[in-house]
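Peer 1: Each chain, written out:
Protein chains: 2
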Amino acid sequence: MKLATLRNGARDGRLVVVSRDVTRATDAGAIAATLQDALDDWARVAPSLEALAAQLEIGAVPAERFHEHDALSPLPRAFQWLDGSAYVNHVELVRKARGAEMPPSFWSDPLMYQGGSDAFLAPRAPIQMADESFGIDFEGEAAVIIGDVAMGASREAAAAAIILILLVNDVSLRNLIPAELAKGFGFLQSKPSSAFSPVAVTPGELGPAWDGGKVHFPLRVSLNGAPFGRANAGVDMTFDFPTLIAHAAKTRPLTAGTIIGSGTVSNKGADGGPGRSIADGGLGYSCLAEIRTVETILMGAPKTPFMRFGDTVRIEMQDADGHSIFGAIEQTVERYAGAGRSCDAEVGESVPTASFVPASGGGPGPASSEDAPDA
Amino acid sequence: MKLATLRNGARDGRLVVVSRDVTRATDAGAIAATLQDALDDWARVAPSLEALAAQLEIGAVPAERFHEHDALSPLPRAFQWLDGSAYVNHVELVRKARGAEMPPSFWSDPLMYQGGSDAFLAPRAPIQMADESFGIDFEGEAAVIIGDVAMGASREAAAAAIILILLVNDVSLRNLIPAELAKGFGFLQSKPSSAFSPVAVTPGELGPAWDGGKVHFPLRVSLNGAPFGRANAGVDMTFDFPTLIAHAAKTRPLTAGTIIGSGTVSNKGADGGPGRSIADGGLGYSCLAEIRTVETILMGAPKTPFMRFGDTVRIEMQDADGHSIFGAIEQTVERYAGAGRSCDAEVGESVPTASFVPASGGGPGPASSEDAPDA
Numbered sequence: 001m002k003l004a005t006l007r008n009g010a011r012d013g014r015l016v017v018v019s020r021d022v023t024r025a026t027d028a029g030a031i032a033a034t035l036q037d038a039l040d041d042w043a044r045v046a047p048s049l050e051a052l053a054a055q056l057e058i059g060a061v062p063a064e065r066f067h068e069h070d071a072l073s074p075l076p077r078a079f080q081w082l083d084g085s086a087y088v089n090h091v092e093l094v095r096k097a098r099g100a101e102m103p104p105s106f107w108s109d110p111l112m113y114q115g116g117s118d119a120f121l122a123p124r125a126p127i128q129m130a131d132e133s134f135g136i137d138f139e140g141e142a143a144v145i146i147g148d149v150a151m152g153a154s155r156e157a158a159a160a161a162i163i164l165i166l167l168v169n170d171v172s173l174r175n176l177i178p179a180e181l182a183k184g185f186g187f188l189q190s191k192p193s194s195a196f197s198p199v200a201v202t203p204g205e206l207g208p209a210w211d212g213g214k215v216h217f218p219l220r221v222s223l224n225g226a227p228f229g230r231a232n233a234g235v236d237m238t239f240d241f242p243t244l245i246a247h248a249a250k251t252r253p254l255t256a257g258t259i260i261g262s263g264t265v266s267n268k269g270a271d272g273g274p275g276r277s278i279a280d281g282g283l284g285y286s287c288l289a290e291i292r293t294v295e296t297i298l299m300g301a302p303k304t305p306f307m308r309f310g311d312t313v314r315i316e317m318q319d320a321d322g323h324s325i326f327g328a329i330e331q332t333v334e335r336y337a338g339a340g341r342s343c344d345a346e347v348g349e350s351v352p353t354a355s356f357v358p359a360s361g362g363g364p365g366p367a368s369s370e371d372a373p374d375a
Numbered sequence: 001m002k003l004a005t006l007r008n009g010a011r012d013g014r015l016v017v018v019s020r021d022v023t024r025a026t027d028a029g030a031i032a033a034t035l036q037d038a039l040d041d042w043a044r045v046a047p048s049l050e051a052l053a054a055q056l057e058i059g060a061v062p063a064e065r066f067h068e069h070d071a072l073s074p075l076p077r078a079f080q081w082l083d084g085s086a087y088v089n090h091v092e093l094v095r096k097a098r099g100a101e102m103p104p105s106f107w108s109d110p111l112m113y114q115g116g117s118d119a120f121l122a123p124r125a126p127i128q129m130a131d132e133s134f135g136i137d138f139e140g141e142a143a144v145i146i147g148d149v150a151m152g153a154s155r156e157a158a159a160a161a162i163i164l165i166l167l168v169n170d171v172s173l174r175n176l177i178p179a180e181l182a183k184g185f186g187f188l189q190s191k192p193s194s195a196f197s198p199v200a201v202t203p204g205e206l207g208p209a210w211d212g213g214k215v216h217f218p219l220r221v222s223l224n225g226a227p228f229g230r231a232n233a234g235v236d237m238t239f240d241f242p243t244l245i246a247h248a249a250k251t252r253p254l255t256a257g258t259i260i261g262s263g264t265v266s267n268k269g270a271d272g273g274p275g276r277s278i279a280d281g282g283l284g285y286s287c288l289a290e291i292r293t294v295e296t297i298l299m300g301a302p303k304t305p306f307m308r309f310g311d312t313v314r315i316e317m318q319d320a321d322g323h324s325i326f327g328a329i330e331q332t333v334e335r336y337a338g339a340g341r342s343c344d345a346e347v348g349e350s351v352p353t354a355s356f357v358p359a360s361g362g363g364p365g366p367a368s369s370e371d372a373p374d375a
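Protein sequence lines correspond, in order, to chains A and B. Residues 1 to 375, numbered by UniProt numbering, are exactly what the first sequence covers, in order. Residues 1 to 375, numbered by UniProt numbering, are exactly what the second sequence covers, in order.
No wet-lab data here; the hints were simulated from the structure. Warning: the hint list may mix true and false statements.
Note that identical chains are pooled: a pair holds if it fits in a single copy or bridges any two copies.
As the list claims (entries may be wrong) - With a straight-line Cα cutoff of 25 Å, these simulated SDA-like cross-link-like pairs (lysine to any residue) come out:
id, residue 1, residue 2
1, K250, G212
2, K96, R174
3, K214, A160
4, K183, V88
5, K214, F185
6, K183, K214
7, K183, R155
8, K183, E92
9, K96, R276
10, K250, E132
In isolation and in its complexed conformation, chain A is listed as follows (with noise of 0.2 Å):
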């Protein structure tokens, strides 16, 4: 079964059945308003979305055109995101950048932040920043939405409550980064509003794809429309999501529609080493800190830049016969017009937060005069 929500003008927006190839939507409304109420009452709801699923497939219920750019985050605002760090490779080597030691427990010990959850980003709205000096980046990754876990649960309680499967884009403002974390408490202003897949996916969507705790398909990155990455999401996860569940678990309830991240996805290269680019023949990458840190490994220095006003990147997963999965986040970066001005409100709206935009408004507009876009 695949979920999305789609833009009507309240926070929440409303809750569609999408079919497997993510091109039809069916209405969900009458069985659960938005996907929280169906996250907050799962078993109850699950079996009514499931046979709506099955007559979407078959024509039996009256299906609209499911537009990718119509669709917000799958839960637009969130009671919870926490995102791992379980590539450890890509720990490890941006450590390796700035000549630090990782710490041999980070193999066994799991990194995670907790990630606002306030305001997600519509998969195609625009990543708008007041300043290109920030270091703006975006972290390709996949995710789970998971159902109430109880404090302490143990790993296969865990795995048990994995309900959906998505993509995300984690923004990331590498910049003010090593500021803000030399503070000790973790990130805030260097993680602003990340963007979601168009759509969430029960596990059996991904057939043996999916072993339980990882998602065993290359993660499509594209930069400008250039290739990009192409990690597999289910190679060098040391930690599986079973385990990162586990791990936030350890001394609280997780509430159901609690977002669970896997962080970049990053694989190493053939030899064990740094991945190489896809221009190399490597598999890429999922950021681009991690680009930047293999050419200071391996010339001295970082030579891609990092996001410019009017770089475009785009997040997506194919299944075995390339279909995809999840539709596709394709986010450009755009200068922020400053409070109380965004760019929508060029266009004649008011658009007060991220999360909650009027029907007409978030999609990608048209580039500003001021993009310097760099290719």
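Start from chain A and add chain B according to the hints.
Peer 2: For chain B alone, coordinates are given in the frame of chain A:
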């Protein structure tokens, strides 16, 4: 106006308006089913809630007795909980105790962490924890609930977004903090579920004690029935709430229902040094870590233990006439019986998460025979 959320079996409870003297309540469901619903549409619903509050005061609407132990946290789950460390005195003290210099930037750049907001404890719910050795501590704080705030909002816009004021017990696991912060990603396991005061109030309820940025009343903290802290929340607060909100909104919008905490309330001593304990004629402390820090500075080692099973903390605030403003947070530490088996389950109930407690559960239960109280 005073608002509370009563337990009704639903995850978000039901919204009631509470009388100024915190003794009576009237159902607000005809205006907004939950507090989050009200906050989502505050400009429209606030006048109706204010009118209902006025009617309640004069006895013109049906009222029920308001029992603080029936209240959930005003937002039983929230889309965001951001906690500052605005009493920089407290931060400096804690660092001093371990012989570390505090960077001068801490006086101008607020410390703030992204906290878990998916499952707040009820104000009278036990603090269930598997192990005393985690170093269980309370942190008495003030907090505000805000409306939508745009990215990059000014301090003035941030001030205008403050809707409600309340108190917090930010439960902390001191012995898990050093290792977790050393990993660099902030708090996760070391900050379990927090609890909020039974009642949240509009700024007008505080009269001149609210100056637009701070609450000028002592925070009354008691441990096992004995006075422990009387620090004034309006004194030594280096960063007021509008400053904290603007800091949080630098790179992202904040959605209505975001809660911003002050951090542990802490006052300097009369001589500008560490404050003295109440037993010693001082204003005392709002967390155990601070008295342990002072003990370390004065005596070379901490003397006061962290909370043990059976210990009870009470946090409240009184107006100039000695009347409770927010009701009281009162929580007893209990041994957590393990996933799938909580203390509530011992009396025949299944409690999946802290936030979703059946109508009759969640209150402080009888002390278990395993408890080892530390008076």
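Peer 1: It remains to establish, for every hint, whether it holds in the given structure.
Peer 2: We went through each hint and held it up to the structure:
{"no.": "1", "hint": "K250 / G212", "verdict": "within (20 Å within a copy, 39 Å between copies)"}
{"no.": "2", "hint": "K96 / R174", "verdict": "within (16 Å within a copy, 31 Å between copies)"}
{"no.": "3", "hint": "K214 / A160", "verdict": "within (14 Å within a copy, 45 Å between copies)"}
{"no.": "4", "hint": "K183 / V88", "verdict": "both (23 Å within a copy, 13 Å between copies)"}
{"no.": "5", "hint": "K214 / F185", "verdict": "between (29 Å within a copy, 23 Å between copies)"}
{"no.": "6", "hint": "K183 / K214", "verdict": "between (33 Å within a copy, 24 Å between copies)"}
{"no.": "7", "hint": "K183 / R155", "verdict": "between (32 Å within a copy, 22 Å between copies)"}
{"no.": "8", "hint": "K183 / E92", "verdict": "both (21 Å within a copy, 13 Å between copies)"}
{"no.": "9", "hint": "K96 / R276", "verdict": "within (16 Å within a copy, 47 Å between copies)"}
{"no.": "10", "hint": "K250 / E132", "verdict": "between (38 Å within a copy, 14 Å between copies)"}
Violated hints: none; the structure is consistent with every hint.
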